[in-house]
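Peer 1: Listed below, chain by chain, are the residues.
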Amino acid sequence: MMDSPLHLLNEELDLWLDGRLSAARTSHLETCEECRTAADEIRMVTSQLERLPRVAPPSLFAERIMARVTRVLPAPHFSAEDLELWVSGILPSVRENHLRGCPECQALADAERVLVMQLQALPLLSPRPALADRVMAQVDLPVTSLASAWRLWRTRLAATPEGVGIAAGVAVLLGGSVAASAAWAAGHQELIVGTVLSLRAQGEQWFWQGITLANGVLQSQAWYGSLRAALTPGRLIALSGAVIALYAAGVVTLRRLIALPNSQAARALP
Amino acid sequence: MNVVRFKVAWQAASLRMAESLDLASLTDQEIVALAVEGREAAYRELIRRYERPVFSLILRMVRDRQLAEDLSQETFIKALNAIATYRPEFKFSSWIFKIANNAAIDQLRRRSVQTLSLDGAPNATTPDAIEATVLQVGDRSESALAAIEARELGSSIERAIGQLRPEYRSCILLRHVEGLAYEEIAQLLDLPLGTVKTYIHRARHELRDALAHLRD
Chain A
1 MMDSPLHLLN EELDLWLDGR LSAARTSHLE TCEECRTAAD EIRMVTSQLE RLPRVAPPSL
61 FAERIMARVT RVLPAPHFSA EDLELWVSGI LPSVRENHLR GCPECQALAD AERVLVMQLQ
121 ALPLLSPRPA LADRVMAQVD LPVTSLASAW RLWRTRLAAT PEGVGIAAGV AVLLGGSVAA
181 SAAWAAGHQE LIVGTVLSLR AQGEQWFWQG ITLANGVLQS QAWYGSLRAA LTPGRLIALS
241 GAVIALYAAG VVTLRRLIAL PNSQAARALP
Chain B
1 MNVVRFKVAW QAASLRMAES LDLASLTDQE IVALAVEGRE AAYRELIRRY ERPVFSLILR
61 MVRDRQLAED LSQETFIKAL NAIATYRPEF KFSSWIFKIA NNAAIDQLRR RSVQTLSLDG
121 APNATTPDAI EATVLQVGDR SESALAAIEA RELGSSIERA IGQLRPEYRS CILLRHVEGL
181 AYEEIAQLLD LPLGTVKTYI HRARHELRDA LAHLRD
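Taken in sequence, the protein lines are chains A and B. For the first sequence, counting from 1, position 114 maps to 114 in the working numbering; every step adds exactly one. For the second sequence, counting from 1, position 17 maps to 17 in the working numbering; every step adds exactly one.
No lab work stands behind these hints, which were simulated from the structure alone. The model shown is predicted, which means the values in this text are computed figures rather than measured ones. Incorrect hints may have been included.
Said to hold, decoys possible - So the derived label-pair ranges between C-beta atoms look like this:
(1) Ala159(A) to Ala24(B): 14 to 24 Å
(2) Gly176(A) to Arg48(B): 50 to 60 Å
(3) Asn81(B) to Glu96(A): 31 to 41 Å
(4) Asp133(A) to Arg110(B): 19 to 29 Å
(5) Ala24(B) to Ala158(A): 40 to 50 Å
(6) Asn81(B) to Gly163(A): 21 to 31 Å
(7) Asp22(B) to Glu104(A): 32 to 42 Å
(8) Arg48(B) to Trp184(A): 48 to 58 Å
(9) Glu167(B) to Asp140(A): 25 to 35 Å
(10) Ala212(B) to Ile65(A): 23 to 33 Å
We put the beta carbon where it would ideally sit given N, CA and C, even for glycine.
Throw the hints in and build the complete structure from the sequences for me.
Peer 2: And the structure:
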């Protein structure tokens, strides 16, 4: 240990033990007592290990091992789940390995895949033409707004030549009438104004005559005096309130009676 | 649910404001929202989108073209007249398929339809009737020979599907022809998820057996 600071490393001791340490490093052992002691200890331990006796296994050890190995080695054949995974292309690699080594399962899997491809290649079949027309003739389009009502009428009218003809006739009739009325009114403005004023005066006269007559009839009734005495302002207010409450209750009741069923109840389709 | 309805109504209002309304580019939910407002074009768009899938499902269920025509029409009339009760949180396709499947199953319960109608309905006796009721299988092949082969294969698988029990038939068609998920099919048919998986597995098993001769 005195002449070299470079003691042998563990790896170098292993090489020395195998006889593969370089001569330069081996010579270090001759001069370094510490390294020589370490090398001697390693050699002694190694030789003791090599001399250890071999212990025999229990009887039938190999048979018991092989019995368990033979139960594990052959993987089960393809199940329905395996086939589904295979068809979907997501079969685990463990089962793929079985497939490669099992001609029976390979044939089954190939047949399954071919069948699925045949099913997927089945063509779409066409009904007779104009199915949409036949269906739409029996479908009630919902009318949810003025716009949809207009669309519905427009569509129905435009569906047949007769509809277009009727629509055109009505449009000409209405348009012609309006135009004729406007033209006549433009030439007879004084007559129209005079007639309107006369009718209004006559109407006002009839209205007041009616009011006066009704008032007279009412006051001539025997019960009028007692009714007027009974209807004090307080009672009149209470009666009005009761009538209003009765009216509101009637409206609410009617709304409930004519309410549409909710979506749960209306969902009668399968 | 109210939030979903509000969103759909809002989308419909936005769409109304748009000057040009390209119905083909809208989702089913948006089309339904417009239909609820009474727009006939939206109704027709829904029919355009689903007339072939619905008709295909019903025809493969009842195996009679004239009957399938009537049931398809009945399905759309029923669905569109009740469009206001459609719940937008579900897929429209599931809803219409449910109505179509129920119509087909009800019909199968009422009467047994036996003969495959690839070559015309069983009650078609005149040439015109046969031609009117023959299955219109689209020609997707590139050559005449390939067309014949495609027709032959289609015939075999159509016949095999026709041999399945109606419940199996519904499940297998909805799963592999219409591409619905297991959960959707279970909800649509009101069946437990495990039952649907079992039906589909058994249906595929029966179809494999029925088509085994084609693989040999």
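Peer 1: Give a verdict on every hint.
Peer 2: Status of the hints after comparison with the structure:
1. Ala159(A) to Ala24(B): 14 to 24 Å: Because 22 Å falls inside the window, the suggested range holds.
2. Gly176(A) to Arg48(B): 50 to 60 Å: violated (42 Å)
3. Asn81(B) to Glu96(A): 31 to 41 Å: Check failed, 51 Å falls outside 31 to 41 Å.
4. Asp133(A) to Arg110(B): 19 to 29 Å: holds (27 Å)
5. Ala24(B) to Ala158(A): 40 to 50 Å: About 22 Å separates the Cβ atoms of alanine 24(B) and alanine 158(A), which means 40 to 50 Å is violated.
6. Asn81(B) to Gly163(A): 21 to 31 Å: The hinted range 21 to 31 Å holds for asparagine 81(B) and glycine 163(A), with Cβ atoms some 23 Å apart.
7. Asp22(B) to Glu104(A): 32 to 42 Å: violated (54 Å)
8. Arg48(B) to Trp184(A): 48 to 58 Å: holds (53 Å)
9. Glu167(B) to Asp140(A): 25 to 35 Å: holds (34 Å)
10. Ala212(B) to Ile65(A): 23 to 33 Å: violated (43 Å)
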